[in-house]
Amino acid sequence: MEQTVANDRIMVHVTINGESRQALAEPRTLLAYFIRDTLGLTGTHVGCDTTSCGACTVLLDGIPVKSCTILAVQAAGHEIETVEGLEHNGQLHPLQQAFWDNHGLQCGFCTPGMLMTTTALLRSQDDVNDDDVRRAISGNLCRCTGYVNIVKAVLEAKSRMREGG
Amino acid sequence: MNLDATETQPLGKAIKRKEDPRFIRGQGRYLDDIVLPKMLYMAMVRSPYAHARIKSIRVEDAYLVEGVKAVLTGEDLASMNLAWMPTLAGDQQMVLATGKVLLQYQEVAAIVAETRESAEDAASKVQVEYEPLTPVMDPFFALSAEAPVLREDREQKNNHIFHWEVGDHEETDAALAASAIVVKEQIRMPRVHPAPLEPCGCVADYQKSTGKLIWYVTSQAPHAHRTVLSMVSGLPEHMIHVISPDIGGGFGNKVPVYPGYVCAVVMSMQLGRPVKWVETRTENVATTNFARDYHMTAEIGATEDGRVTALKVSTIADHGAFDAAADPSKFPAGLFSIVTGSYRFPVAFAEVDGVYTNKAPGGVAYRCSFRVTEASFLIERVMNTLAYRLNLDPVELRRRNFIGVDDFPYQSPLGWTYDSGDYEKTLNTALDMIDYRGLRSEQQKRREQGELVGIGVSTFTEIVGAGPSHTFDILGIKMFDSCEIRIHPTGKAIARLGARHQGQGHETTFAQLIAQELGLSAADVLIEEGDTDTAPYGLGTYASRSTPTAGGAAALAARRVRNKAQQIAAHLLEVSPEDVQWDGSRFSAKGLSSRNVSMADVALAAYTNLPKGMEPGLEATYYYDPPNLTFPNGAYIAVVSIDRETGQVHVERFVAVDDCGTVINPMVVDGQIHGGLTEGFGIAFMQEIAFDADGNNLAPNFMDYLVPTAVETPRWETGRTVTPSPHHPIGAKGVGESPNVGSPAAFVNAVVDALSPYGVTNLEIPLFPWKIWEVLKQHGLTES
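Protein chains in written order, with this note's numbering: chain A, 1 to 165; chain B, 1 to 784.
Treat the hints with care, as some may be off.
What the hints assert, rightly or not - Just so you have them, the derived chain B footprint on chain A, three or more residues with Cβ under 8 Å:
1) 47 to 56
2) 83 to 90
3) 99 to 105
4) 108 to 122
5) 125 to 135
6) 144 to 151
Unchecked claim - Residues from chain A shown here face chain B by an in silico Cβ test under 7 Å; the list is partial:
7) 42
8) 43
9) 96
10) 138
Simulated from the structure, these hints should not be mistaken for lab results.
Even glycine gets a Cβ: it sits at the ideal position worked out from N, Cα and C.
Working from the sequences, and respecting the hints, build out all of it.
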């Protein structure tokens with residue numbers, strides 16, 4: 001007879017947006033659901049079951065990962081950044097500001113994933129052009145904007161960040 | 001640079017969106033973000049077969065899973081008379097299967113448990129024994145005598161759903177017979193799915209103590225959903241409170257009522273606890289309403305010098321297992337009768353036959369005003385064929401047949417009165433933007449060097465804004481829309497509309513529209529939609545109807561407010577109301593403009609210092625029944641090249657010039673165009689829900705159902721002409737769907753043009769590289 005009771009839970013400790021959090025998770029729980037349902041940060045969205053859409057993108061030790069594709073227990077002991085961590089001291093991140101200024105979002109569902117992927121891009125690359133941005137977000141689907149204003153926003157954020165030192 | 005919402009006289013300005021601050025912070029409140037105390041989760045058991053008889057369902061093992069609260073089957077629902085529900089098309093649809101399943105992934109049982117995981121675990125424990133039957137996947141076979149009858153619940157023992165026709169059959173046949181030139185083409189628009197990034201879902205929260213159901217649902221039409229739910233469930237309508245929270249895209253997918261919604265409501269009522277159901281992507285793409293699946297044959301007659309004489313169209317429409325088309329009731333083929341497009345056809349005839357097959361039910365208007373994409377694709381493709389037959393440039397053929405600027409209002413042979421347009425001007429703007437002449441000579445040169453280069457044109461006319469109540473209803477409810485505006489004592493306002501945006505930016509654009517009418521800024525006007533306990537009744541947001549209908553209501557409600565405000569202003573200015581003038585921002589005494597008051601001054605007086613006998617307060621509601629539909633139009637030009645080795649098409653340029661009448665916010669309009677063009681690109685090149693002969697869905701997820709990413713999406717170039725609608729209160733026509741309606745034909749016409757020197761006149765979408773490569777191979781055009 002197959003075991004039908006819930007699996008034993010494991011304590012998972014993570015640092016998320018600079019805050020130390022710990023909670024129980026089933027071994028099979030995906031990081032996306034751990035972040036959303038257990039830690040209550042619902043800015044990270046789930047839009048597919050196949051690691052295709054990128055709405056769930058978060059930064060794991062600074063690297064963009066689709067949080068529906070790793071287990072919560074694999075993230076134990078690591079540092080996670082989500083969209084909720086972008087704003088600092090009431091100041092929007094330059095990417096958030098640029099998305100707003102350039103109509104880089106419509107329904108807003110893909111936006112958190114887009115922001116996280118491009119945050120990592122702008123941290124890792126000093127000089128980006130249109131093609132670089134498009135390649136970077138090729139794992140993040142948007143059904144509303146046709147990507148035009150997302151790309152524009154990222155390029156503008158980069159130049160603002162450079163000007164801002 | 002886009003402007004802040006504090007800008008005054010905001011109509012026509014690129015005001016930054018008021019909804020964005022929450023979305024960029026990850027603080028939107030989408031359906032799955034809603035968590036209620038003691039909430040349960042629901043999962044569905046689904047059929048692996050497209051057509052099978054259910055021999056038995058055993059649910060005992062599911063109850064062994066920890067946390068399971070209830071299992072619901074079709075038999076359980078049948079005992080409540082809820083095994084079937086009505087569709088918006090007047091058919092009925094199974095909620096949970098009884099007897100037979102009619103499509104792969106069909107809902108067979110629902111499980112409710114304490115967690116998502118337990119519900120899913122338990123769903124896998126339900127044992128269903130099936131007897132597989134032959135699936136009917138081809139709509140033409142479905143109509144044959146040999147095809148098994150799929151719908152045993154109907155008296156009619158075949159798979160034919162409806163026949164619909166419009167126009168003059170005899171005259172059209174006679175005109176075709178008398179025409180010097182006749183071209184005939186078969187055009188197929190395959191089955192696609194709107195696939196908004198957020199799937200569908202709901203939280204049903206029935207509160208036994210009050211008898212009230214609070215129903216959070218991803219709904220593009222919350223009031224209509226309330227009425228339908230009341231009819232289905234028997235719950236009194238005032239005890240149903242529908243809340244449509246932030247919606248992660250709709251595109252028509254969130255118009256119908258789905259089986260999961262009904263199950264969640266039933267389970268919440270039985271268990272007395274909130275029940276959440278959220279689709280997986282596979283459930284979304286494989287079971288919720290599809291779009292298109294139109295198989296069309298068209299004939300155009302013309303004179304030797306390229307004047308069109310007649311159009312005849314026959315269509316087989318595959319509606320899947322249940323006719324769940326979300327069309328206005330009198331239009332089983334939607335507004336397909338816009339098929340004569342931008343051209344002066346003296347006569348025309350169109351007929352559509354709806355057919356059942358073993359596929360998901362539908363079809364919905366996927367970013368389109370009810371089958372307008374199909375109609376537009378057809379006419380723009382077949383006009384292209386006619387141009388080749390006449391050896392005329394496709395631009396010249398269009399010019400010879402355009403409805404002229406002086407022909408408006410234009411009466412089409414299929415019954416519509418086009419409101420306005422200047423097709424020549426719109427086309428010329430596009431031709432100038434892309435340097436059409438230069439492009440054609442460059443194409444000639446590149447062809448001589450062996451390149452496969454094509455230019456495609458589409459000059460389409462849409463029909464949106466359903467609609468006038470004499471013609472348009474859904475389940476009897478007239479398709480008006482509404483707006484209620486309240487001005488607070490300090491001069492700030494709240495406006496509620498019967499529409500429900502899903503990314504279109506209503507919180508900004510309707511604020512701009514109302515602010516313009518009242519001399520306020522968009523920042524002063526809060527827009528609220530999607531709550532049926534507070535918003536006035538409306539039919540929702542789809543078919544580009546928000547601005548033509550709810551937008552009209554907003555303008556006229558604001559003018560009602562302004563009329564009362566003028567009376568109060570007269571009192572404040574101590575003159576008679578006739579001696580008060582409004583300059584767009586202030587009321588002043590005629591001939592004495594230094595004596596003036598603002599809307600805020602008037603608002604305060606409405607609560608503190610009224611003329612004797614006047615009713616206090618400053619608010620108005622308007623239910624707007626539009627006198628006609630609106631007819632946005634555009635001219636699109638695509639330039640493509642084809643890789644001979646791979647069959648890959650590269651879109652080198654794409655110019656889109658749209659005429660949507662008065663523009664409320666150019667930034668938002670451009671955004672709508674970019675998004676719609678991208679969906680049109682997906683439809684032309686990538687998106688298809690295909691099936692194998694056994695009825696297996698071959699694209700039930702984003703690995704196989706390909707939607708455009710940033711990498712392959714072309715770089716759009718947009719332009720605009722403005723021909724206001726003469727009957728809309730601010731002259732606006734609606735824009736969200738034009739690019740998706742007009743662009744697929746431009747892409748295909750361009751690819752056909754690239755291959756036209758080799759005799760190709762028709763290609764079937766989507767234009768996958770392998771398909772193009774086969775055509776290249778056939779004509780000896782592949783390298784190596």
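Structure versus earlier hints - violations, ascending order: none
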